[in-house]
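Participant: Chain by chain, the residues run as shown.
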Amino acid sequence: MLAVVHRDLLLAIRRKTEVLTALLFFIIVASLFPLGIGPEPALLRKIAPGVLWVAALLATMLGLQRMFAADHADGTLEQMLLSPTPLALLVAGKNLAHWLVCGLPLVLLAPLLGLQFDLDAQALGVLTLGLLLGTPVLSLIGSIGAALTLGVRGGGVLLSLLVLPLYIPTLIFGAGAVQAHAAGQGAGGHLSLLGALLVLSVFFSPFATTAALRIALE
Amino acid sequence: MSNGIVHWLKFASPASFYPLAGRMIPWFTALAVLFGVAGLWVSFFVAPTDATQGEGYRIIFVHVPASWMSMFIYLVMATWAGIGLALNTRLSAMMAQALAPTGALMAFLSLWTGAFWGKPMWGTWWVWDARLTSELVLFFLYLGFIALQAAIDDPRRADKAGAILALVGVVNVPIIYFSVKWWNTLHQGASVSLTRAPSMAQTMLWGMLLMALCFWMYAVVMALKRVRAIILEREAHTEWAQQFAQVPA
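These protein sequences, in sequence, are chains A and B. Note that the first sequence covers residues 947 to 1164 in my numbering. Note that the second sequence covers residues 3 to 251 in my numbering.
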């Protein structure tokens, strides 16, 4: 599993543009909203969590298709299927690598973008913590969709149709945490629910992805 | 006992289910018409005018059954998909595929009639209420299932991929429902309350139940018709299917 993580990270470092494009996309989308809506700090503070979370969802989507596509094309995926290591473990490794490449930079960058939206330090903390818990869920659920649409006509658009509805709970709790904090309710409940989603998806999603990959490679 | 099981499992084969479905369709059509006529009669002539909502509330007789069926069909569809995945039976997957468009139609109908109902009652076509939002998400899930199956050329792979998606969806539906519900209570106060007064007239309930039965039978008829078409399409290479195809239906 660690070998898979190491290999995927190495590949990502060798092809920096792909990673950086997703990151840049995140920044640009988040920066477009103030331009479209207007610069009032009060309004921006209100929409910041939603905007940043939606931008994070879309940026994660960009990298999803690549999770298995290259390995599928050059036959690596078939070798993984045949290897004595359980496929679910290898899939978990690929998910982890995807998160490290596509999710973690978003988490690190979010406080900076949050500053643009005039969030205070505590709200930034809650936002970052929420993204830290939530973005792995996005990678894990997304990998099911990526495996299902592997090698399918119009896979990219289809992938977003399949995966985005399943992202709704993560979006709600993630953005809700910051809003609850702003409303003085405390973000603990939302963050706990995000944690619960993370635990559930870590446990179940590799199996669903594995099943989908086996079907795709039949 | 064992004879009974063998007898029933015979119909898991598309070749023997095709004529059975053909024989069942008229019966279920008759039931649908029967329940439909009774339901419409009760809902238009028997059920009293609502004290607060006037005549406009009568859309409930389409709206609520459609919502019920949209959720129920998703469950049935996922069950068939799961059976198909576990036992590798072709017919189960075909049933799941045949149910999806009807389910999507019901979800759409539920949203559409809900908008028609909401406009005179709440003064708006749409509110971000928990139930409305989760129904919308359910509609998206149906569309995703249909789109995925349509995008994969190999029917066996389409079946299995769709089955996994349906099962993932079933696990997610309650999570989505509750998350939307909590999100909703956080955001808006009780400006719009969907919970009506508990004193629903008995006849209204009967009208709704009859209409739900009508929709149910309609869904069965449509699923059977569609599954017959799917069977013929997939078994087009077999001799029996070619025989059936020549007889005008």
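Keep in mind the hints are simulated off the structure, nothing from the lab. Some clues are possibly wrong.
Cut-off 30 Å, straight-line C-alpha distance, at most; resulting in silico cross-link-like pairs (BS3-like, lysine-lysine) [what the hints assert, rightly or not]:
1) A:Lys992 x B:Lys183
2) B:Lys183 x B:Lys12
3) B:Lys121 x A:Lys992
Participant: Are the hints correct? Go through all of them and say.
Facilitator: How the hints compare with the structure:
no. : hint                : result
1   : A:Lys992 x B:Lys183 : 20 Å, holds
2   : B:Lys183 x B:Lys12  : 45 Å, violated
3   : B:Lys121 x A:Lys992 : 29 Å, holds
When each numbered hint is compared with the structure, a violation occurs for hint 2 only.
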